[in-house]
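These protein sequence lines are chains W and G, in that order.
Every position in the first sequence, counted from 1, becomes a number in the working numbering once 48 is added.
Every position in the second sequence, counted from 1, becomes a number in the working numbering once 13 is added.
Warning: the hint list may mix true and false statements.
Pair by pair, the computed Cβ-Cβ distance ranges are [as the list claims (entries may be wrong)]: (1) W/A130 / G/S73: 18 to 24 Å; (2) G/N16 / W/D67: 22 to 28 Å; (3) G/K80 / W/E303: 27 to 33 Å; (4) W/P144 / G/S73: 20 to 26 Å; (5) W/A375 / G/A35: 49 to 55 Å; (6) W/K128 / G/T78: 32 to 38 Å; (7) W/I241 / G/S97: 53 to 59 Å; (8) W/E303 / G/G95: 56 to 62 Å.
Stretch-level coverage of chain W by chain G, calculated; a stretch enters the list once three of its residues show a Cβ under 8 Å from a Cβ in chain G [to be verified]: (9) 83 to 90; (10) 351 to 365.
Simulated from the structure, these hints should not be mistaken for laboratory data.
Don't be surprised by glycine CBs; every beta carbon is placed ideally from N, CA and C.
Chain by chain, the residues:
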Amino acid sequence: MNNKFLLQDLVQSILDTNDLDRKEVEAFVRAYFAVIEKALFEEDYVKINDLGKFNLQKVEARKSVNVNTGETFEIKAHYKLAFAPDNKLKEIVNKPFAHLEAVELVSEKQSAELSKQHVMPEPAKASVEPELTQEEIIIPNKPTTKEDKIMEKKDKTVFVVTDKPAANDKKTPTPPQKPKKGKLLAWIVFVVIMCALIIFALWKTVFSDSTSEPAVKEVVTESAPATPAVEAVTPPAPKVVDPASWETLKVVRLERGKRLTLLAKEFYGNKVFWVYIYEANKDQIKNPNKILAGTKIRIPKADPTVIDAKDPESVRIAKEKETKYRAQFSK
Amino acid sequence: MRNKEFIRAVQLESGLNKEKTALLMEALAASISKMLSDGDSLSIQGFGSFEPRKKDERLSVNPSTGKRFMIPPKLVPFFRPGSSLKNKVKNFGSDEQ
Numbered sequence: 049m050n051n052k053f054l055l056q057d058l059v060q061s062i063l064d065t066n067d068l069d070r071k072e073v074e075a076f077v078r079a080y081f082a083v084i085e086k087a088l089f090e091e092d093y094v095k096i097n098d099l100g101k102f103n104l105q106k107v108e109a110r111k112s113v114n115v116n117t118g119e120t121f122e123i124k125a126h127y128k129l130a131f132a133p134d135n136k137l138k139e140i141v142n143k144p145f146a147h148l149e150a151v152e153l154v155s156e157k158q159s160a161e162l163s164k165q166h167v168m169p170e171p172a173k174a175s176v177e178p179e180l181t182q183e184e185i186i187i188p189n190k191p192t193t194k195e196d197k198i199m200e201k202k203d204k205t206v207f208v209v210t211d212k213p214a215a216n217d218k219k220t221p222t223p224p225q226k227p228k229k230g231k232l233l234a235w236i237v238f239v240v241i242m243c244a245l246i247i248f249a250l251w252k253t254v255f256s257d258s259t260s261e262p263a264v265k266e267v268v269t270e271s272a273p274a275t276p277a278v279e280a281v282t283p284p285a286p287k288v289v290d291p292a293s294w295e296t297l298k299v300v301r302l303e304r305g306k307r308l309t310l311l312a313k314e315f316y317g318n319k320v321f322w323v324y325i326y327e328a329n330k331d332q333i334k335n336p337n338k339i340l341a342g343t344k345i346r347i348p349k350a351d352p353t354v355i356d357a358k359d360p361e362s363v364r365i366a367k368e369k370e371t372k373y374r375a376q377f378s379k
Numbered sequence: 014m015r016n017k018e019f020i021r022a023v024q025l026e027s028g029l030n031k032e033k034t035a036l037l038m039e040a041l042a043a044s045i046s047k048m049l050s051d052g053d054s055l056s057i058q059g060f061g062s063f064e065p066r067k068k069d070e071r072l073s074v075n076p077s078t079g080k081r082f083m084i085p086p087k088l089v090p091f092f093r094p095g096s097s098l099k100n101k102v103k104n105f106g107s108d109e110q
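Turn these sequences into a full structure, and let the hints steer you where they fit.
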């Protein structure tokens, strides 16, 4: 390991495996490298089986600054020698690591946990935090089906309030450990917030499915004296969106090179809302990645509770749908 | 220059016959492979050096699916041109002009 071999050692190693004359082998090795060098200047590249390809690459002229004087000067265009190893050589050299394979990281949550383990080897702290936020969310949680806008806002504020102390908690213990990793810390805080958001979203869906009675009562008495009024205000639940039933805003004939995302950007102000255009035209579009030019696309009139480019929540829902469709059609 | 042309050129340069050249071509590539796979480096005076290098593992994201992958570490053969060859290459264009 880590020996530095010279031309003589190369000759010796060839002699070890073959029954040849030393002088001949030496002459051959010298000729070998001399020819590579010569050929490079004559033909720009030399390809050798089992070894690789030597290549002359042009480096364009560029401006640079002298660090000492601050003067700008131009680095002239020149060439550099590049070597691309042959696949066979690559495989042989990589043998110790050949058994390793690329691992897919399933969710953001997992990668967050992974990075946490990298940064600080105290899993206890990392695991306590999400639980804490989760608990806090459960308490004010109520059925989404009957949720009116006020409720939703309230829910959000509670969530934000609980989230912030968690983030602060984190800041205080870490700096003494890793004072230099300010960026990393900010990233971790961001990831934690993302985790909390995902958990929050999950809880929301779970609760909208199984409506728990006591929670409803509590909510009603708490904020709204007149129950019918609350129900009257109730907007359509965002989960059961069916753009196919929406009013038509416009029918567009798809031109060559045009995409659903471009249409969404044009009509709704954010390209992620293409999913709703797709859902409205599901009978026409088999694969949103491959739509025939000339297809008539019905642009549904935007429902402001679902499509609102300024509302991060609706953008998020659209993004979720987008990833779902991406996964479905990328196969 | 392709492999065949290269073998021919080496044969002419070294003055060996065709069979020996072919045999030595293989033996030389095998020797270099062995040295690199053992973690050793080989430097040729006036030409450059071959050495194995370790690339660390990294995180990669497929932009179209958003899937995240951990790419494992790997060892790659690396060639570093020697200073005399490097300078020759560098001045290659300017000599012509």
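Structure-based check of each hint:
The beta-carbon spacing between W/A130 and G/S73, approximately 23 Å, falls within the hinted interval of 18 to 24 Å. Roughly 25 Å separates the CB atoms of G/N16 and W/D67, a value that falls within the hinted 22 to 28 Å. A C-beta distance of roughly 32 Å is found between G/K80 and W/E303, which places it inside the suggested range of 27 to 33 Å. Taking the beta carbon of each, W/P144 and G/S73 are about 21 Å apart, inside 20 to 26 Å as hinted.
Judged by the Cβ atoms, the range 49 to 55 Å given for W/A375 and G/A35 holds: they are separated by roughly 52 Å. Between W/K128 and G/T78 the Cβ separation comes to about 35 Å, which falls inside the hinted range of 32 to 38 Å. At roughly 57 Å, the beta carbons of W/I241 and G/S97 sit within the given window of 53 to 59 Å. Hint check: W/E303 to G/G95, Cβ distance near 57 Å, so the stated range 56 to 62 Å holds.
Only residues whose beta carbon comes within less than 8 Å of a beta carbon in chain G count, and the region 83 to 90 of chain W has 8; three or more means the coverage holds. For the region 351 to 365 of chain W, the stated coverage by chain G is violated: 0 residues have a C-beta nearer than 8 Å to a C-beta of that chain, whereas at least 3 were required.
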